[in-house]
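Chain by chain, the residues run as shown.
Number of protein chains: 2
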Amino acid sequence: MSKPLILVSNDDGILAPGIRALIEIVREIGEVVVVAPNKPQSGMGHAITLNSSLRCDEIQIDKGPQKEYECSGTPADCIKLGLSVILKRKPDLCISGINHGANSSINVIYSGTMSAALEGAIGGVPSIGFSLLDYSHDADFSTSKIVVKNIVNKILKEGLATGRCLNVNIPKLPFSEINGYKICRQADASWKEDFDVRKDPTGKTYYWLKGIFQNHDYGKDTDEWALANGYVSIVPVQYDITSYDFISELKSWNL
Amino acid sequence: MSKPLILVSNDDGILAPGIRALIEIVREIGEVVVVAPNKPQSGMGHAITLNSSLRCDEIQIDKGPQKEYECSGTPADCIKLGLSVILKRKPDLCISGINHGANSSINVIYSGTMSAALEGAIGGVPSIGFSLLDYSHDADFSTSKIVVKNIVNKILKEGLATGRCLNVNIPKLPFSEINGYKICRQADASWKEDFDVRKDPTGKTYYWLKGIFQNHDYGKDTDEWALANGYVSIVPVQYDITSYDFISELKSWNL
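In order, the protein sequence lines correspond to chains A and F. Counting in the working numbering, the first sequence runs from 1 upward without gaps. Counting in the working numbering, the second sequence runs from 1 upward without gaps.
So that you can see chain A by itself, here it is in the shape it has in the complex (with noise of 0.2 Å):
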């Protein structure tokens, strides 16, 4: 049996640690391509470039057997130019991560990690993003390594339904003291935004984004109870955000 082939991204750039992590994780696996930004992406959303070209070149980081290039677009990007360009049939996985810092509730909503699953799971591939809970650049990824071999063995054996992606995210802490996988709805929390407002050298004003998060969401079958409980979170998600519990209140407006 031929080996599965992984397409791999993330948004951290592709010399992040966390998708270093993750290579070196899934080419025990399968046949491993690297698409990944040339350069930080975090919070890029879905975006995806229409009015510039993009540059998408071969690099060798490590010494390992995957094939990897650096791209000047966004990770949705990256997973587009993977699948259309690059890889020469379809994946059987498209994974991205391991992002450094949570992409759970809300923040899956900003996520360049996600909208690269997102966009594998448009492309009809089975695709997973992964997240650890430690925003720092030496984040421990021993926990996460052994989280991301068992999901995506699973996935390799299980499938997933067409449309739909996996956002996983695992706590800061010893595999040991892990207390299993739940599988969990996005909690509604959310970020209560503030601006920093600074003034550059000649006088002008200018804004930092920073905020506050918020979680009003008590629900226990939620990511944000999972992570806060020692479990690591997935959540199934697809991109049809249609509010289809509202068409019916909608439809009586008679617009």
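Rather than coming from a laboratory, the hints here were simulated on the basis of the structure. It cannot be assumed that every hint is accurate.
Residues from chain F shown here face chain A by an in silico Cβ test under 10 Å; the list is partial [to be verified]: (1) S72; (2) G73; (3) K154; (4) F175; (5) R185; (6) W191; (7) K192.
Small disclaimer: the values here were computed from a predicted structure and weren't measured. Even for Gly, the Cβ is constructed at its ideal location relative to N, Cα and C.
Since the structure of chain A is provided, determine the placement of chain F on it from the hints.
Structure of chain F alone, referenced to chain A:
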């Protein structure tokens, strides 16, 4: 009764004819504050600016009573800045557009116009994104103006459930040929990606994204069906992208 406060943004930039048409209509309805990108931001999805600072400067474009700010960031940045810095109180409505080109079906995921509306919904404000099925700079917005006025007045009267926004697409037709409004779901259509592969003057390869739109969703309850049949499509949209119908299957995996 004081006038409703309306925050306006878009993704084609503050000088685009679409947003100018939108401002013309809504300033007859309420007190209008515009916070819009200072350059085109099409395809920016739900990108936000995390790694650099933002400019947001007042600007006067026409002789209207509205206040306007041009922002260096993405559409989602504009709404965040509008809600937390520029406006002194929570607006009654947040509207984005009128986009030059469709944001129906899968395009909602990539759309900067819709990310502005969704960001409004995340901020707890009733929000709408408007798009006209005409990409040209000199598109005729006369039908759109009537549609915008109808829907804005309706929402100001009825309100919108928290966390929801509307994705409104308008056919390129005279108003007399519009068959009405259809409340729909997002069609399961997609782009068959393709890239132009080109050589720069030094012989190095670069890529341009192109693609063919493919709709394999034959449902008559979709936005694509509505638009193809002369209706204005209205899809209620939410930021919870959990795939609820997949949760039980995932649980059966016993990870």
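Note to self: Please list, smallest to largest, the hint numbers that this structure does not respect.
What the structure shows: The structure conflicts with hint 4 only, although it agrees with all the remaining ones.
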